[in-house]
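**Q** Chains as they are written, first to last, in the numbering used here: chain A, 1 to 181; chain B, 182 to 542.
Worth double-checking, as some hints may not be accurate.
Have a look at the derived ranges for each label pair, beta carbon to beta carbon [said to hold, decoys possible]:
(1) A:Gly96 with B:Gly237: 50 to 56 Å
(2) A:Arg36 with B:Trp293: 49 to 55 Å
(3) A:Thr113 with B:Leu291: 44 to 50 Å
(4) B:Glu241 with A:Glu173: 28 to 34 Å
Covered stretches of chain A (chain B as the covering partner; in silico rule of three or more C-beta atoms under 8 Å from a C-beta of chain B) [unchecked claim]:
(5) 26-35
(6) 115-128
(7) 136-147
(8) 150-156
If you're looking for bench data, these hints aren't it; they were derived computationally from the structure.
The C-beta atom is built at its ideal place from N, Cα and C for all residues, glycine as well.
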Amino acid sequence: MIRIVTLAPFDEGDIAFLSKTLYRSFGIGTEHQGDRALPRKAELPDGRFDALKLLDDAPPVRAYADDKVVYLTDVELANPKGPLGEPPAWGHALQGGERALVSTFRFRPRGVTEASIEVYRRRLARECIHFIGHLWDLHHCYDARCAMHPSWSPSLPEDPEFELDSFCRDKSERRIRLAKT
Amino acid sequence: MRTPGKRERAEKQEEEVPSAGGTIASSSDLKAGDRVVYPKQGVYRVTGLEQKDIAGQRLEFVKMTREEDGATVLVPLGKVATIGLRRVASAEDIEGVFHYLGASYDDPELDWKVRHRDNVERLIAGGVLGVAEVVKGLHSLSRLRPLPAKERELYDSSRHLLVNEISVALGVPAVIAEDYIDYALMPPAGVKLPLKTPPTPVELKGPPWKRKKPAAAEDEDDLGLAELGIDLGALEGAAVGESEDSEEGESEGEKPAEEGSEEQAAVPVKVAPAKVAPPKAPATVKAAKPAKPATAPKPVPAAKKPAPPPRAAPPAKKAAPPPAKKAAPPARKAPPPAKKPAPKKAAPAKKPAKPAKGKKK
Ligand SMILES: [Zn+2]
Ligand SMILES: [Zn+2]
């Protein structure tokens, strides 16, 4: 079961689209667990939120073994600075773990037109698939059409595909099957 | 963009410090709590020594637990020096890895058999930079054409190894370590990486003629492979995505076994020159699950790898220049002479090459 937890107000239609897409992508039931408070302790002096700490401090929700929980927020996230700089944070996840975080902060504005909302929803689905993919131990994929391609990649179009390519899909299916047994 | 010629490289090689260091030469170098990298398997923590009675004999093993999944492996004391164990990369090594990943790369080996074999060798003997070489090499190649399934698996498992080692070395979560890697490989638009001259990967050790015609499996004997106990067939089949299968809950016994075959194949290749097959220690161990390690050992000299290899290798190459591998592998960087010529961010070059990006829908 994939459990969606919102740490900010989200449109119901957006969440419904997301649930459906996640179910289709992973073949696993998906449910919105409701809203929870954003853990303020993760806020940095510059107003951004430490992605690692935010996920760490995210309010726990009832989940069973093998459940995956994805927290949605809209605040700007920060990653720890790396050897060559700070990679843009679109979310975070515990590789092979149970909790993932996705922020809509870097998305194109949702807007009010059917088209812009569609793009927004697809992006939301893509990022959730990406970070949930990490939970199933998927790594990044060099195929820009795959949801496991880095979210900030220069090869990624503004409105990227939101599915896994066959390599990543097969791999996640194997993992999921193993988890179920 | 041009990479130095083979000869040039060989010379340069001699004045540079080998990149792969920290190889564990003996079980006495290990103590409980140490974190080591078992080539192609991952980062392990030494938990201690363990004795087991096998086939009527009492044998001693070093027991290690893989950090990512808790899988345990027992390595016979006598085999420690031969399986390529090394210390987890230092901060300095890691720094070099990123400058290497971010540098330009335009000299992919096009013969997949040569490439595959070289990559397997790099994973085993190249230290963390060798792992980075495989990831970068295949990543670059993927921008020109889709990788064949087998290499796609190798790419994924190499990435897995690199992510885990960097994660452990830098003390950051794996997902962050992977972001760092890709930030270097494909920086966001507008970002200019603060690159420095990348380190030089360890020169592959097998004699050039050996790598030159890997495709010709029929020539095994001519290549001297038989003598080395190398089974090309096994080599080809191995090396791919083993990290995956071994992941599930295998017991200590099986794991070593699987590894054996791969290592066996790969290791010999690099250590070939020295090839002093320490005959039979393996036999005894064989009974136990550690059957694997037993086979791999042949290449005893492996332990030495860190320092000696680079030196030894170059000469060989010069001697047989023409046939030598097609200059693909070691080429990637052009550092020594110019202070920082090569590093010039690779991004621009790559982008254009990038093939599929449009949405398919
Ligand atoms: Zn990611
Ligand atoms: Zn993929």
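**Q** Decide, hint by hint, whether the structure agrees.
**A** Hints, verified against the model:
Between Gly96 (chain A) and Gly237 (chain B) the beta carbons are some 41 Å apart, a value that contradicts the proposed interval 50 to 56 Å. A hinted range of 49 to 55 Å for the beta carbons of Arg36 (chain A) and Trp293 (chain B) is consistent with their spacing of about 50 Å. At roughly 48 Å, the beta carbons of Thr113 (chain A) and Leu291 (chain B) sit within the given window of 44 to 50 Å. Checking the proposed 28 to 34 Å range against Glu241 (chain B) and Glu173 (chain A) shows it is violated: the Cβ atoms sit about 42 Å from each other.
Here's how the stretch 26-35 of chain A fares: 0 of its residues keep a CB closer than 8 Å to some CB of chain B, so the rule of at least three is not met and the hint is violated. Requiring three or more residues with a Cβ within less than 8 Å of a Cβ of chain B, the coverage given for the stretch 115-128 of chain A is violated, as only 0 such residues are present. Proximity of the stretch 136-147 of chain A to chain B, defined as three or more residues with a beta carbon under 8 Å from a beta carbon of that chain, is established by the 6 residues found. By the rule of at least three residues with a Cβ nearer than 8 Å to a Cβ of chain B, the coverage given for the stretch 150-156 of chain A holds, with 6 such residues.
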